[in-house]
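*Asks:* Sequence:
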Amino acid sequence: MAIVAFDAAAQEQPSQPVAWAPSYVGSCGGCNLAGRNLTGWTLAGANYKEANLEFAFMRGIQAAETNFEGINANGADMRGAVLTTARLSGAILANARLQGIQASGAEFKQGVLVGANLQNAMLVGANFAGASMGSTVLEGADLSGANLSGADLSKAILMTAVFNGANLSLSKMDGANAAGASFKDVRFIDADLSGLEGWRAADFKGACVSESTVLPEGMRLPDCK
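Per the numbering used here: the sequence shown = residues 48 to 272.
Note that these hints are calculated values from the structure, not bench results. Just so you know, even glycine gets a beta-carbon here, dropped at the ideal spot from N, CA and C. Treat the hints with care, as some may be off.
Below 25 Å or equal to it, Euclidean Cα-Cα: the simulated PhoX-like pairs (lysine-lysine) are [to be verified]:
1) K231 x K272
2) K156 x K231
3) K96 x K156
4) K202 x K272
5) K252 x K231
6) K252 x K202
7) K252 x K272
8) K202 x K231
Estimated spans, in silico, between C-beta atoms of each pair [what the hints assert, rightly or not]:
9) D270 x G76: 42 to 52 Å
10) E97 x G245: 35 to 45 Å
11) A226 x G76: 38 to 48 Å
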């Protein structure tokens, strides 16, 4: 199913603005929507795989279960978007504005979120395995039960974020600031926390490590059983 009178226009006239519309679902894989205004649109369940959404305005979009795999949303404004269980594996979200998004259960595997702002985002059970998240802002975000195995969180802002029960095995947190964050019951198997800042003001109750885990000087955590 294709999007009526939209797919072709999006590809043939990429410089023309898209008028606001309440709902567009269906298929728009590979569409060029760079810089377009999709604010408030309902895209739930649609297929936007590998679409170009660079610098697009997508505030408050309703996109639960939408396929955004491989999209380029560099610099996009998606503040307040609903992305619950959406698929964003391999997506480029560098420098994207993602404050307050609802993305519990969403897939961000192998995604590029360098410099993205996810302040106060709801990311419970989300999958960030292998994601590049250097300098990402996660202040106040809830990543309880999330999978961040192999994620690179170097220089990320993790202050007051909640990672309770998350999997941070093989993750890297060099230069990240975790002051006020909660890492209760987190597994840090083979993770590199050597340059983690603010850890003394974070909660690591129930967290555990492996023999290969690298911790900051002075930090001690029990081995995972």
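*Asks:* Against each hint, give a clear statement of whether it holds in the structure.
*Replies:* Against the structure, the hints:
With a CA separation close to 15 Å, the supplied pair K231 and K272 stays within the 25 Å bound. Restraint check for K156 and K231: the C-alpha separation of about 23 Å stays at or below 25 Å, so the hint holds. Of the supplied pair hints, the one linking K96 and K156 holds, its CA atoms being roughly 14 Å apart against a limit of 25 Å. Distance hint between K202 and K272 is unfulfilled; the C-alpha atoms sit about 29 Å from each other, more than 25 Å.
Taken as a hint, the K252 and K231 pair is honoured in the structure, with Cα atoms around 5 Å apart against an allowance of 25 Å. At roughly 23 Å between alpha-carbon atoms, K252 and K202 fall within 25 Å of each other, so this suggested pair holds. Only pairs whose Cα atoms come within 25 Å are accepted, and K252 paired with K272 is accepted, the gap being roughly 15 Å. Taken as a hint, the K202 and K231 pair is honoured in the structure, with Cα atoms around 21 Å apart against an allowance of 25 Å.
The supplied range of 42 to 52 Å is met by D270 and G76, whose beta-carbon atoms lie about 46 Å from each other. Checked against the hint of 35 to 45 Å, the pair E97 and G245 passes, with Cβ atoms roughly 38 Å apart. For A226 and G76, the hinted distance range of 38 to 48 Å is satisfied, since their beta carbons lie about 42 Å from each other.
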